[in-house]
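Protein chains: 2
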Amino acid sequence: MTTDSLDDFFRQCRQRCENQLDQILPDSSSAPLQQAMRYATLNGGKRIRPMLSYATAELLGYPAEHVDNIGNSIELIHAYSLVHDDLPAMDNDALRRGKPTCHIKYGEAQAILAGDALQALAFELIVKQHPSITATKQLEIAQGLGQASGLNGMAAGQSLDLLSEGKAVSLEELETIHRKKTGALLEASITLPAIACNADENTLKHLTSFAQNIGLCFQVRDDVLDIIGDTETIGKTQGADIYANKATYPALLGLEVAQNYAETLHQKAITALENIDQKTSRLCQIADFIVFRQS
Amino acid sequence: MTTDSLDDFFRQCRQRCENQLDQILPDSSSAPLQQAMRYATLNGGKRIRPMLSYATAELLGYPAEHVDNIGNSIELIHAYSLVHDDLPAMDNDALRRGKPTCHIKYGEAQAILAGDALQALAFELIVKQHPSITATKQLEIAQGLGQASGLNGMAAGQSLDLLSEGKAVSLEELETIHRKKTGALLEASITLPAIACNADENTLKHLTSFAQNIGLCFQVRDDVLDIIGDTETIGKTQGADIYANKATYPALLGLEVAQNYAETLHQKAITALENIDQKTSRLCQIADFIVFRQS
Chain F
0 MTTDSLDDFF RQCRQRCENQ LDQILPDSSS APLQQAMRYA TLNGGKRIRP
50 MLSYATAELL GYPAEHVDNI GNSIELIHAY SLVHDDLPAM DNDALRRGKP
100 TCHIKYGEAQ AILAGDALQA LAFELIVKQH PSITATKQLE IAQGLGQASG
150 LNGMAAGQSL DLLSEGKAVS LEELETIHRK KTGALLEASI TLPAIACNAD
200 ENTLKHLTSF AQNIGLCFQV RDDVLDIIGD TETIGKTQGA DIYANKATYP
250 ALLGLEVAQN YAETLHQKAI TALENIDQKT SRLCQIADFI VFRQS
Chain X
0 MTTDSLDDFF RQCRQRCENQ LDQILPDSSS APLQQAMRYA TLNGGKRIRP
50 MLSYATAELL GYPAEHVDNI GNSIELIHAY SLVHDDLPAM DNDALRRGKP
100 TCHIKYGEAQ AILAGDALQA LAFELIVKQH PSITATKQLE IAQGLGQASG
150 LNGMAAGQSL DLLSEGKAVS LEELETIHRK KTGALLEASI TLPAIACNAD
200 ENTLKHLTSF AQNIGLCFQV RDDVLDIIGD TETIGKTQGA DIYANKATYP
250 ALLGLEVAQN YAETLHQKAI TALENIDQKT SRLCQIADFI VFRQS
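Residue numbers (numbering that gives the first Met the number 0), protein chains in the order written: chain F, 0 to 294; chain X, 0 to 294.
Only chain F is shown next, with the shape it has when bound in the complex (with noise of 0.2 Å):
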C-alpha cells in the first residue's frame, strides 16, 4: 500500500478490510443473527478507522498484516455502535446510509443481539494471536479497545449524548462529549495500531495528538455536514440531529464559526506531525479528507 493516490490509498484499505471482514463475519446464509451482523457491518461504510491504521502502520514501516487484526476489531465495534445507536430507545433513526437500519430489517431484538455478539466478536479477535506481536503488547491493545469503547469512551459518549438532548450544553461538555462518543475509537484506531508497530515515546504522543485533534473535528464537520449536506449525499435524514433537540457544535457556535473550530482542530492535527521524523504525508491526506469530506 504505497500508491501516492489518497483514492487509491482508500480503495484498497476499503477493499482489504471489507474481504477480511466478509471472512470474519458468519455465514450468510446462516441465522437472523448472523445475517444480522453481516448486514449492519457490510453496508458501505467508509472504513475510516480501518484506514486509519493502516496509515499508522505504513507511517511506522510496518506491513498492513501486522495491524490488520486491530483496524477489523475496531471497524466491528464501530458496526455495533451504529445498530445500538439508530434503535428506537436511542436515536431512533430507520435509515443508515440509504438503506433500513438493522432493527427495522431484522427487529429490534436480533438488532440489539446483533450488536452484542459484534462487540464480542470485535475482541474475541483483537486477542488472537499475532505472529509478530508480543503476546503483552496484544493485551495492552486489547485493553486499549475496552477503554476506548466502555464508561470511559463511546458507551459513555453516547450515554452523555441522549442525557444532553433537550438541554443546555455548554461547548466544554459538548466537547467531552464528542470526545468520547467518536473521538475516543477514532484515537484507537490510530494509538493501538502505533503500539502494535513499536513507535517510540515521542511518536506515540504526538501521533495521540494528531488522533485526538482528528477525532474531534471528524466530530464537528459531521454536525455541519448535517446542516448543510443533503439527505442523498449523507444517506441519512438532513438536519435530524436538529430535530431531535441535539446540541451540535453548530447549534453552540453559529454555523461559520463550527466551520473554523473544524479548520483549527485541523491544523492542530497537522502541527502534531510535523513533530514526527517519519513520513506523515499520508495522515496529513486523510486530515485533509476528513475536514474536507461532503459526507
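Just so you know, these hints were derived from the structure itself, not from any lab.
Even glycine gets a Cβ: it sits at the ideal position worked out from N, Cα and C.
Treat each hint with caution, since some may be false.
As the list claims (entries may be wrong) - Listed below are the simulated DSBU-like cross-link pairs for lysine-lysine, each with C-alpha atoms no more than 35 Å apart in a straight line: (1) X:98 - X:166; (2) X:204 - F:136; (3) F:98 - X:104; (4) X:45 - X:136; (5) F:127 - X:204; (6) F:98 - X:166; (7) X:267 - F:127; (8) F:166 - X:98; (9) X:136 - F:204; (10) X:204 - X:45; (11) F:278 - X:127; (12) X:136 - F:127; (13) F:204 - X:127; (14) F:127 - X:127; (15) X:104 - F:104; (16) X:136 - F:136; (17) F:166 - X:104; (18) F:136 - F:204; (19) F:45 - X:127; (20) F:104 - X:98; (21) X:127 - F:267; (22) X:45 - F:127; (23) F:104 - X:166; (24) X:45 - X:278; (25) X:127 - F:136; (26) F:104 - F:45; (27) X:278 - F:127.
To be verified - Facing chain X, from chain F, some residues (calculated, C-beta under 7 Å): (28) 25; (29) 83; (30) 115; (31) 119; (32) 122; (33) 128; (34) 145; (35) 148; (36) 154; (37) 161.
For this one, chain F is given, so just place chain X on it according to the hints.
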C-alpha cells in the same frame, strides 16, 4: 477458601466477588450510565459463575487470586446479558430478583448502553496483565470468553430462544438453544480457570464434560423452578416463560420427565468428575446445589 461447608464456601465466594466488583465498577456518585452498571451488577446475584471458577482453582491447587479476573469478567458478561434480556424488545421483564429491572429504573437507552459498557469492561478486565498467568494463556482465555458470549454462545442462544417463541421446538433444538444461551458461559466459568490453572489434557476434558452437563442441568432446573417456584422465592413472575409461550423442558417433556432429566444430567456431571485425580468434592457439592436449588 478451604472450609468444608458449602454454605461457608458460597458466602466467601460471593463476598469476594462482590467486594471486587464494587471496586471494578465505576463510582456510584457518577453519571446515570455508571449508576446503571452498578445497579445491574450489584443486585444480589448468586454469583454461581465466579463460585465455579473459584472451585476449579481450588481443585487444581491454585489460590483464588489466580482466577479472580476470570470469574469477575464472566459475572460482568452475565450481568450485561440480564439487562439486555429484560428489555421490552426481548423478554420484557419488569422485575429481576424482586427489584425493578435496569430499563425500568434507568430507561431503555441507558440500560442498553449499561449492558454494552459492562461487556466492554468484562473484556478490559480479562486482558489485564496477570502476574502469574502467561500473556499467551491470557489471550487464549480472553478468546474463550468472546466465544462463550458471542455468535457461537450466549448471544446466539438468546437469539434462537426469541425466534422459537410460539413455535414447535424439538428437544434437540431446545438443547441447542440452552447449551448456547446459558451453557456456554457456565462452561467457560470452569474451563477458562482450568486453562489458567494449567489443567492437564485429561483433567480439562473431564472438567469440560462436567461443565457442559451441569450447565444444561442448571437450565432444566430453571425451567422446572419457573413452574413449581413462587414469585417471592425466585424473584421473577412465576410461569413467565409459559406466559411468553416459550419452549421449556417441562412444556416439552412434562414436569416429571423434566425433573428426571435434570437428575440424569446431574449424574453425568458427577460421573465425569470420577475420572479426575484431584479432590472433586467441592464441584460435587455445587452440582448438588444446582439440581436441588429452590430459586
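Tested hints:
no., hint, in the structure
1, X:98 - X:166, "31 Å, holds"
2, X:204 - F:136, "30 Å, holds"
3, F:98 - X:104, "33 Å, holds"
4, X:45 - X:136, "28 Å, holds"
5, F:127 - X:204, "23 Å, holds"
6, F:98 - X:166, "30 Å, holds"
7, X:267 - F:127, "33 Å, holds"
8, F:166 - X:98, "30 Å, holds"
9, X:136 - F:204, "30 Å, holds"
10, X:204 - X:45, "27 Å, holds"
11, F:278 - X:127, "34 Å, holds"
12, X:136 - F:127, "11 Å, holds"
13, F:204 - X:127, "23 Å, holds"
14, F:127 - X:127, "15 Å, holds"
15, X:104 - F:104, "29 Å, holds"
16, X:136 - F:136, "13 Å, holds"
17, F:166 - X:104, "21 Å, holds"
18, F:136 - F:204, "17 Å, holds"
19, F:45 - X:127, "32 Å, holds"
20, F:104 - X:98, "33 Å, holds"
21, X:127 - F:267, "33 Å, holds"
22, X:45 - F:127, "32 Å, holds"
23, F:104 - X:166, "21 Å, holds"
24, X:45 - X:278, "24 Å, holds"
25, X:127 - F:136, "11 Å, holds"
26, F:104 - F:45, "21 Å, holds"
27, X:278 - F:127, "34 Å, holds"
28, 25, "6 Å, holds"
29, 83, "6 Å, holds"
30, 115, "5 Å, holds"
31, 119, "3 Å, holds"
32, 122, "4 Å, holds"
33, 128, "6 Å, holds"
34, 145, "3 Å, holds"
35, 148, "4 Å, holds"
36, 154, "4 Å, holds"
37, 161, "5 Å, holds"
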